[in-house]
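Novice: Here is how the chains run, residue by residue.
2 protein chains.
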Amino acid sequence: MATLKDIEVAAAINILTAFAFFVAFAILRLQPINDRVYFPKWYLKGLRSSPLNSGAFVGRVGFCCLLEDLLSRCRLKIFVPITFLAFAIMVPVNWTNVTLEHSNLTYSDIDKLSISNIPIGSHRFWTHLVMAYVFTFWTCYVLKKEYEIVASMRLHFLASEHRRPDQFTVIVRNVPPDPDESVDELVEHFFLVNHPEHYLTYQVVYNANRLSNLVKEKKKLQNWLDFYQLKYSRNQSMRPSSKTGFLGLCGERVDAIDFYTSKIENLSEEIASEREKIISSPKSIMPAAFVSFKTRWGAAVCAQTQQSRNPTIWLTEWAPEPRDVYWDNLANPYVSLTIRKLIVAVAFFFLTFFFMIPIAFVQSLANIEGIEKAVPFLKPIIETKVIKSFIQGFLPGIALKIFLIFLPAILMLMSKFEGFISISALERISATRYYIFQFINVFLGSIITGTAFQQLDNFIHQSANDIPKTIGVSIPMKATFFITYIMVDGWAGVAGEILRLKPLIIYHLKNFLLVKTEKDREEAMDPGTLGFNTGEPQIQLYFLLGLVYAVVTPILLPFIIVFFGLAYVVYRHQIINVYNQEYESAAAFWPDVHGRIIVALVVSQLLLMGLLSTKEAAQSTPLLLALPVLTIWFHIFCKGRYEPAFVRYPLQEAMMKDTLERAREPNLNMKGFLQNAYMHPVFKEGDDSESDVASGDGNQEPELVPTKRQSRRNTPLPSKHSGSVSSLPEVQEHAQLL
Amino acid sequence: MATLKDIEVAAAINILTAFAFFVAFAILRLQPINDRVYFPKWYLKGLRSSPLNSGAFVGRVGFCCLLEDLLSRCRLKIFVPITFLAFAIMVPVNWTNVTLEHSNLTYSDIDKLSISNIPIGSHRFWTHLVMAYVFTFWTCYVLKKEYEIVASMRLHFLASEHRRPDQFTVIVRNVPPDPDESVDELVEHFFLVNHPEHYLTYQVVYNANRLSNLVKEKKKLQNWLDFYQLKYSRNQSMRPSSKTGFLGLCGERVDAIDFYTSKIENLSEEIASEREKIISSPKSIMPAAFVSFKTRWGAAVCAQTQQSRNPTIWLTEWAPEPRDVYWDNLANPYVSLTIRKLIVAVAFFFLTFFFMIPIAFVQSLANIEGIEKAVPFLKPIIETKVIKSFIQGFLPGIALKIFLIFLPAILMLMSKFEGFISISALERISATRYYIFQFINVFLGSIITGTAFQQLDNFIHQSANDIPKTIGVSIPMKATFFITYIMVDGWAGVAGEILRLKPLIIYHLKNFLLVKTEKDREEAMDPGTLGFNTGEPQIQLYFLLGLVYAVVTPILLPFIIVFFGLAYVVYRHQIINVYNQEYESAAAFWPDVHGRIIVALVVSQLLLMGLLSTKEAAQSTPLLLALPVLTIWFHIFCKGRYEPAFVRYPLQEAMMKDTLERAREPNLNMKGFLQNAYMHPVFKEGDDSESDVASGDGNQEPELVPTKRQSRRNTPLPSKHSGSVSSLPEVQEHAQLL
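So the protein lines, in turn, are chains A and B. Numbering of the first sequence is given in full-length UniProt numbering, commencing with residue 1 and proceeding in unit increments. Numbering of the second sequence is given in full-length UniProt numbering, commencing with residue 1 and proceeding in unit increments.
Just so you know, these hints were derived from the structure itself, not from any lab. Be a bit skeptical, because a hint or two may be false.
Stated by the list, open to error - Okay, derived cross-link-like pairs now, DSSO-like style, lysine-lysine, Cα gap no bigger than 27 Å in a straight line:
hint	chain 1	residue 1	chain 2	residue 2
1	A	K216	A	K277
2	B	K416	B	K216
3	A	K144	A	K639
4	A	K379	A	K401
5	B	K243	B	K219
6	B	K112	B	K615
7	B	K657	A	K294
8	A	K639	B	K639
9	A	K639	B	K341
10	B	K145	A	K341
11	B	K294	A	K294
12	A	K639	B	K416
13	A	K341	B	K639
14	A	K341	A	K416
15	A	K263	A	K220
16	B	K341	A	K144
17	A	K145	B	K341
Take the sequences, apply the hints, and build the full model.
Specialist: Below is the structure:
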């Protein structure tokens with residue numbers, strides 16, 4: 001068992017590590033060559049064009065940033081008072097006992113500060129009970145306040161926003177097949193009939209997956225071409241050559257620049273013909289469409305009502321922002337969706353509870369003997385002592401580590417398979433699953449050692465009464481483990497975040513190998529996104545730890561506060577200077593966050609109940625029982641009171657904005673504004689790549705409003721899933737002039 | 001243990017009882033004097049005016065009746081094939097074993113037909129497993145079919161309906177207080193602004209609870225007056241007299257007719273002034289209103305969207321039918337509603353699990369000694385041997401019996417307290433609670449003997465794995481009990497239903513004491529309603545029993561089929577001849593019914609799993625585990641596919657009806673049609689009572705469209721909660737002439 005001394009040493013080491021990361025960051029960020037890694041957002045916003053010219057960053061930081069700020073503050077607001085109170089009251093109550101000293105158990109100083117030090121049946125447990133009430137009420141109070149603020153901020157944000165296509169647009173899916181009419185005619189007729197006063201226009205959705213693959217392929221070839229051209233320009237004496245076969249390792253040797261130039265030309269032609277094919281063939285039209293309305297009111301009505309008798313066709317919902325659309329999922333029929341849901345639910349269950357089985361299998365293969373058998377010629381090297389011990393120490397962990405690194409991606413794939421149509425929804429649902437996985441495998445898995453499946457088996461064979469007991473009893477004993485975990489995973493992880501080691505390396509590699517022009521450099525710079533689907537569940541896990549240990553072992557709380565403080569500073573810096581949000585979520589994830597905090601509260605209450613019932617403080621059980629009931633009721637109340645602000649759009653609000661707009665710009669050309677807002681990004685691609693031979697057929701989009709961009713420098717980088725849509729402010733400006 | 005012989009005897013007795021009831025019914029219904037008890041609906045529909053003139057009943061029986069029909073058939077459709085299959089396969093499989101004969105256990109012939117007769121670890125359990133799959137798939141298949149039919153019937157019904165005010169009207173609650181405007185101005189302005197093209201008119205809701213009490217009081221006095229007038233007319237020699245004091249037992253002796261006449265006059269004046277006060281005083285206007293729209297489309301939009309930023313004010317939902325409105329609950333603010341929900345949830349929990357405590361307490365009081373102590377002067381009578389043994393045998397059960405009789409009323413009160421605004425919603429929620437109560441206290445309570453609380457305590461201390469085992473193991477042993485229960489509670493209950501003993505007695509009492517005119521006789525005839533909140537949960541309980549025992553003890557199935565058959569015949573008769581639906585639910589309760597059948601299926605699967613796991617047929621557990629997962633998935637699928645037809649109103653549908661109507665009747669006066677549709681029934685009361693002095697101030701409703709009723713005979717009886725609204729067809733006819 002760790003003593004206070006051990007913890008101090010561990011803390012010192014981890015503080016030093018974190019400090020080292022920060023120092024490295026401070027040094028690296030000052031090198032002008034790293035400027036695009038640590039301040040990409042400044043470039044994106046056009047505030048900086050070269051490392052020398054460093055102007056002050058005064059732009060609007062965005063709603064998302066404000067929100068992250070608020071969230072971090074909310075966490076601190078909950079935990080700082082709880083920590084003070086716990087130290088002022090719980091620590092003395094726990095410390096001034098002699099139970100552990102008189103017992104024969106080995107114990108540490110940490111345990112003396114925890115609930116374990118209180119004798120069985122003591123009246124002091126009333127303090128813990130009262131504190132559980134106080135902490136719950138304080139948390140709920142802050143949560144309610146925050147929900148109120150976030151909801152009103154969201155509404156304010158939505159109200160003060162510029163005109164955006166998604167405010168007027170609804171996505172309709174599962175358009176029924178019709179023998180007489182094509183999808184586009186059907187859509188037009190249906191909405192002309194059922195929303196006669198509000199319907200404006202529509203855009204069909206093309207199945208452009210093949211085209212999008214071709215474009216990706218071309219980009220890859222372009223990279224190779226750039227690489228060879230750069231090589232040639234540096235060493236003019238010899239034209240670079242390459243082999244045509246697999247990976248450039250075999251086949252005929254040809255002139256690389258000519259080879260790739262001709263290949264790209266071929267591909268460009270193919271792209272052009274594929275594009276033509278998609279637009280002309282009715283088969284490539286998917287049974288889905290973006291339908292736009294004249295007013296926000298009309299769109300709000302259509303998005304929030306059922307259109308047809310059969311609730312599985314003509315499904316309408318708010319269109320996501322154009323850059324937020326996940327295009328591949330737009331054409332799933334209803335039955336397929338419900339079956340996919342079932343499959344994903346079952347798969348997630350097995351992933352969570354049985355993920356150790358394949359990993360254990362890999363581990364059993366990946367031992368020294370296994371490797372020696374598979375690749376016998378490596379045997380002499382492996383048998384070297386140093387390498388052997390390294391492999392033996394390293395291999396068993398590596399499969400698990402790799403799995404954990406890929407887990408968010410796996411969860412994301414599952415969500416994509418399930419058929420959500422916006423990136424934000426994909427991230428939200430992945431975050432929820434990641435949290436569940438962490439809760440079961442990290443939280444429960446650390447408390448009751450054993451795999452998740454063993455736990456499940458235990459739980460099934462235990463009574464509902466015993467489960468909180470089993471877990472509750474182990475909780476005080478695991479405090480030191482979690483303190484170490486917070487320091488290693490939390491502190492060091494957050495400090496590592498600011499270093500951006502992976503983007504740093506990739507950027508410099510690209511910069512050396514591929515970058516020819518300013519524009520290439522811009523593309524090499526990858527700001528990335530906040531990664532809501534991994535960062536948030538991790539923070540929520542710490543939240544859970546904090547609530548569970550607040551009453552039991554308050555010494556854990558300061559470590560969590562330090563983590564929250566660090567996370568606050570680091571993420572704030574990253575959001576301002578680095579990350580480029582792909583979409584504006586307008587706090588849509590808040591109900592999820594709120595829900596998870598409530599779950600954490602209820603879990604902490606149940607575990608405390610289990611723990612106290614073993615301490616023969618059973619008279620307190622009925623009082624503790626009321627706590628989860630009240631907490632859940634509080635959740636239901638909040639859900640009814642505030643959640644609608646996140647899922648619905650009040651008509652009053654819509655009407656107000658419509659009226660204002662009509663008064664301000666009576667001659668607005670809505671149709672022009674909305675015509676091509678929801679075009680598959682691959683059709684817009686040609687707009688951005690100057691060397692694109694096929695860009696000439698951009699005139700198949702005659703109504704596209706030309707932007708007023710003055711320099712390519714200021715062009716925002718196209719985000720992963722959409723073309724030049726992020727240049728919408730300009731389009732808007734132009735539209736306003738019409 | 002009951003043998004087959006015992007069951008045969010019991011069945012014979014119960015069949016005879018049921019037969020006796022039917023014979024009594026056949027005799028009684030032929031007496032012209034009972035005509036109004038057994039055929040009240042014919043009178044209501046105006047098809048009969050006296051017992052002699054018995055015309056053929058050919059009218060439209062109503063959607064509700066069709067539905068009940070469908071429901072009964074659905075039950076039979078599920079169970080008849082299951083029974084045949086079970087008898088063809090399960091009975092031979094169970095019977096041809098000798099486990100019980102070779103064991104030392106006492107057993108009956110019933111047990112030889114059940115799963116108990118199969119040796120532990122036998123391969124024959126695969127039959128049960130396969131049959132569980134077959135039964136589940138068959139049930140789901142029929143359910144899906146039925147859901148489809150019911151949903152399309154509902155939509156067809158809604159589409160083919162006559163124009164009704166509730167199609168155009170939305171109820172808005174929680175109108176926020178405003179310092180400058182009154183509620184009615186506020187409502188008008190809000191909807192004029194936010195639904196400018198569709199808003200038509202509104203009706204405020206008055207707080208008329210006091211007025212409605214006064215009217216009730218007057219009605220009671222009127223009954224007394226009628227009684228004395230009748231007495232006087234029969235015996236002209238002496239004017240009847242009564243005393244003014246408590247219950248007519250003390251106080252001054254006065255002339256009864258004069259006394260009641262003057263009292264009624266006073267009350268009439270009071271009613272008139274109260275009515276005046278309500279209409280003139282702004283304080284009696286509640287923050288709720290019925291808002292009507294020009295089109296169904298407009299109403300559908302308003303009912304299904306959120307109006308205001310703050311989701312707790314301006315709450316809109318479909319208005320119930322005027323006769324379905326529960327007026328007392330229209331003014332509850334949002335916070336109060338959530339608190340009420342919490343209170344009712346907790347109260348229902350205690351009611352379900354702890355109802356035995358007060359009853360046991362009453363039982364302990366209500367023994368011979370207790371009574372002798374409370375009323376010592378009765379001691380000599382009680383000590384008589386016959387009476388004493390009667391009390392001792394009877395008293396302990398009476399408290400429980402009374403509680404069970406009043407249980408539906410108690411549940412109804414709870415729902416009323418919770419704040420639902422329509423009678424149909426009240427009945428739906430009461431039905432759900434009654435089912436839960438029966439499930440826990442009848443089903444589980446009979447299987448694991450003991451009070452619900454003891455069960456709860458057991459379950460908490462048992463593992464999730466053991467609960468289905470404990471229950472599953474007891475199931476085959478309780479088959480005979482449930483067979484008897486089905487016969488006594490089910491067969492005799494249904495046969496008793498057709499006798500209508502209580503209405504029969506009450507009608508004849510009233511007829512003798514109060515009835516002067518034809519109209520009085522009409523009022524004395526109380527057709528009642530179907531009692532969805534008690535009948536349906538009972539049938540569902542039998543459904544559950546059928547599904548649970550289908551695999552375990554198939555001998556139970558024929559008894560259930562007989563019950564369903566009887567219920568089918570009896571309820572069909574009652575709906576055609578007796579019951580007067582207070583509102584047209586249009587099958588709104590179907591999703592509830594469906595959900596309960598799914599619950600029954602899952603319960604039966606879990607219990608079978610528990611049972612088989614004790615039979616060492618554990619290799620079948622994973623296969624059984626898939627069954628509830630698939631069943632729940634099926635439920636989710638159905639919920640998504642069909643439930644929206646029951647909770648939403650598709651815009652396409654609304655638009656279609658609107659367009660048709662506009663084409664057919666371009667000059668329709670909508671405003672006139674809707675003006676007074678949602679008037680508190682107490683304001684319309686004056687319309688019906690001819691002797692009402694205050695009926696003169698009916699001209700406060702100047703826009704009321706006069707009906708074209710030709711004779712009072714044909715006037716439908718005002719249903720409990722609404723005035724003459726049921727005369728809407730006439731109003732419509734008139735409106736069409738305008």
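Novice: If a hint holds in the structure, say so; if it does not, say that too.
Specialist: Structure-based check of all given hints:
1. Among the hinted pairs, K216(A) with K277(A) is consistent with the structure: their alpha-carbon atoms are about 18 Å apart, no more than 27 Å.
2. The hinted pair formed by K416(B) and K216(B) meets the criterion: a straight-line CA distance of about 19 Å does not exceed 27 Å.
3. Proposed proximity of K144(A) and K639(A) is supported: the alpha carbons are some 10 Å apart, at most 27 Å.
4. Under the criterion of a C-alpha separation no larger than 27 Å, the hint pairing K379(A) with K401(A) is consistent with the structure, at around 25 Å.
5. Simply put, K243(B) and K219(B) have alpha-carbon atoms about 19 Å apart, close enough for the 27 Å limit, and the pair holds.
6. This hinted pair checks out: K112(B) and K615(B) have alpha carbons roughly 16 Å apart, not beyond 27 Å.
7. At roughly 24 Å between alpha-carbon atoms, K657(B) and K294(A) fall within 27 Å of each other, so this suggested pair holds.
8. Between K639(A) and K639(B) the alpha-carbon distance is near 22 Å, which keeps this suggested pair within the 27 Å criterion.
9. Distance check on the hinted pair: K639(A) and K341(B) sit about 14 Å apart at the alpha-carbon level, within 27 Å; holds.
10. The suggested pairing of K145(B) with K341(A) holds, with an alpha-carbon distance near 23 Å, which does not exceed 27 Å.
11. For the hint linking K294(B) to K294(A), the alpha-carbon distance of about 21 Å falls within 27 Å, and the restraint holds.
12. A hinted pair counts as satisfied when its Cα atoms are at most 27 Å apart, and K639(A) with K416(B) qualifies at roughly 23 Å.
13. Taking the CA atoms of K341(A) and K639(B), the gap is about 14 Å. The hint holds against a cut of 27 Å.
14. For the proposed pair K341(A) and K416(A), the alpha carbon gap of about 11 Å is at most 27 Å, so the pair holds.
15. Of the supplied pair hints, the one linking K263(A) and K220(A) holds, its CA atoms being roughly 11 Å apart against a limit of 27 Å.
16. For the hint linking K341(B) to K144(A), the alpha-carbon distance of about 19 Å falls within 27 Å, and the restraint holds.
17. The suggested pairing of K145(A) with K341(B) holds, with an alpha-carbon distance near 23 Å, which does not exceed 27 Å.
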